[in-house]
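Chemist: The residues making up each chain are set out below.
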Amino acid sequence: MTTDWNEIYRSTFPDLVRFLHRKVWDDERARDLAQEAFVRALRHEPNRPRAWLFQVAANLARDEARMVLRRKKHLALLKTETEANASTDSDPASEMDEQVRWRLVKEALETLSERDRDVLLLWDAGQSYTEIAEQTGLSVGAIGTTLSRARKRLAEAYRDKEEADVAR
Amino acid sequence: MSHVDEGALHAYLDGALDEYPSGQARRIRAHLERCERCAEALAEASRVRDTAETILATPELNVAPPPLEELKRLARSSTSDGRRPRSGFYRLGWAASVVLALGVGWMLRGGQRIDPTGTDRSALASREAESAAAPASVPAPELESEVAPPPGRMADAAPMVQDRVASTPGDLPAAPEPPVVPSLEISSELPAADEVRVALEDAEPLAATGDTGVAAMPQVSEFVASAESASPAPEPETAPADRSTSLSSSGARLELSSRVEGGVAGAFDEAPARTAGPSNDVDGAETGSLVVPGLDVLSIVWREEGVTPAGVRVLQRLDDGGVLELIHLPEGVAPEVLDPVEPGVSELAVPRGSGWLILRAPVGEDALADLLRRLEAAPPV
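Those protein sequences? They're chains A and B, same order as listed. For the record, in the first sequence the residue sitting at position 160 is 1181 according to the numbering used here, with numbers rising by one throughout. For the record, in the second sequence the residue sitting at position 238 is 491 according to the numbering used here, with numbers rising by one throughout.
Hints are supplied without guarantee of correctness; some may be wrong.
Unchecked claim - Derived DEER-like restraints, expressed as beta-carbon distance ranges:
{"hint": "1", "chain 1": "A", "residue 1": "E1049", "chain 2": "B", "residue 2": "Q277", "range": "37 to 47 Å"}
{"hint": "2", "chain 1": "A", "residue 1": "D1112", "chain 2": "B", "residue 2": "R279", "range": "48 to 58 Å"}
{"hint": "3", "chain 1": "A", "residue 1": "R1069", "chain 2": "B", "residue 2": "S299", "range": "39 to 49 Å"}
What the hints assert, rightly or not - Each computed EDC-like pair below joins lysine to aspartate or glutamate, with the alpha-carbon atoms no more than 20 Å apart:
{"hint": "4", "chain 1": "A", "residue 1": "K1173", "chain 2": "B", "residue 2": "D267"}
{"hint": "5", "chain 1": "A", "residue 1": "K1173", "chain 2": "B", "residue 2": "E297"}
{"hint": "6", "chain 1": "A", "residue 1": "K1182", "chain 2": "B", "residue 2": "D267"}
If you're looking for bench data, these hints aren't it; they were derived computationally from the structure. Remember, predicted model here, so these are calculated numbers, not experimental data. Glycine residues also receive a C-beta, built at the ideal position from the N, C-alpha and C atoms.
Work the whole structure out from these sequences, hints included.
Modeler: Now the structure itself:
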């Protein structure tokens, strides 16, 4: 079966960046890692590219946190002008608000167990229950239970941290 | 039916009930239509779900992907830039030393038997002399203190082998613990180092491959070894049934160094310097266990990329039949050089000295973390 990489790239790349961003909390790095995942996928041509991409992305993000030697190399060449322009048009006040929100989301997510966080982020990135189950080793039936717990915990943690932030 | 659990409520809200078994999905839908209590629970679950979705939607990203053609070009270039292909074959450098250092009764087939009690040391000396005369053969280490790990790699292994072999009785008493190393056999007809093939990828117990020798294949190496019970004594009831085809790590530890210098060819072409001392710490090398106690060892491979040593790979059989892969990467070799794990396989990477220790297994991350704890809790040699 021939893989339609154009379609996979179009439909998956934004989800992959979104998923990675909540792992590394750096949009530029998330894009780099998503590109790296696609380069690997194009080289390996896996049977189930979408699931494979998310698995590789999760590994890359994990390595990223521990990596001493980074291989940025050629990826720096792939920065688009759109990204550069976007950063110059931003409003400082709204950018600060955005940074606060990002920090709260990050801190709230960090209160979750790694398994719960992965399941939640995979769902958030558009993966189906079946795909999440394959990647995490859980049963399909356990995905809903995990998501239920993760969502509840995230909502509580975010609310607590938001209140603490206001009180400060 | 009983009330719908929260997980199923979230699956319902996510439109994922269709991924459940059809009968189960139908029953859940039917119940939700007529149960007031579950309807309330569904409304609450919906609120929680919406809140979480809103929180996660906060950091919006303006994703601008690069042209796919550019990534395809990079994929092509990275395939031809000398990185390791997915052939599954690794060149073998000091695997012989690694395995002997384990001291677990593995054998190279087709050769002389070495009396584990040390009474047949003339045969061993003869074998060693023969190997030394053959420029491209695996150096034949002696048991006990003459085991010759390569400098900077395996120096700690020698005393361990000595202890293991020396403690192996010729006749087994009715002891509760069977000897792990009843015998060793070392081939007298080893092929050249760069013609020996590594075929340990399938993670089968090595003696179960049915291989009767060492297959030749250019540019790659093979190290075939197996545990063999040579004891005439009856097997104690506690002995594992597959002792002849696998290897218990209960008495074995692999000491390794991530500071390695020199290429494979050089290692085989020249007999390594004898290292009687137990440590190679003088040059800053770090050592550590690479075997989880209590699990059968399936294979040990010294990974090589080109001429640069790139670590050790150990496969162990998990209790549920799965395979645990442990990889030690030395300083300067990033985990990225490894192939990505397949779906359903967990991976754990932890710093080991100035390098990395990577664990991979088809288990949950918690179970993998437990295995890491077992490995790190192993008593020092």
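Chemist: Compare the structure with each hint and give your call.
Modeler: Against the structure, the hints come out as follows:
E1049 of chain A and Q277 of chain B have their C-beta atoms about 44 Å apart, which keeps the hinted 37 to 47 Å range intact. Between D1112 of chain A and R279 of chain B the beta carbon distance is about 52 Å. The supplied range of 48 to 58 Å therefore holds. About 31 Å separates the C-beta atoms of R1069 of chain A and S299 of chain B, a value inconsistent with the hinted range of 39 to 49 Å. Straight-line distance between C-alpha atoms of K1173 of chain A and D267 of chain B comes to about 15 Å, which keeps the hinted pair within the 20 Å bound.
Of the pairs offered as hints, the one joining K1173 of chain A and E297 of chain B holds, with about 10 Å between alpha carbons and a cut-off of 20 Å not exceeded. The suggested pairing of K1182 of chain A with D267 of chain B is violated, with an alpha-carbon distance near 27 Å, which exceeds 20 Å.
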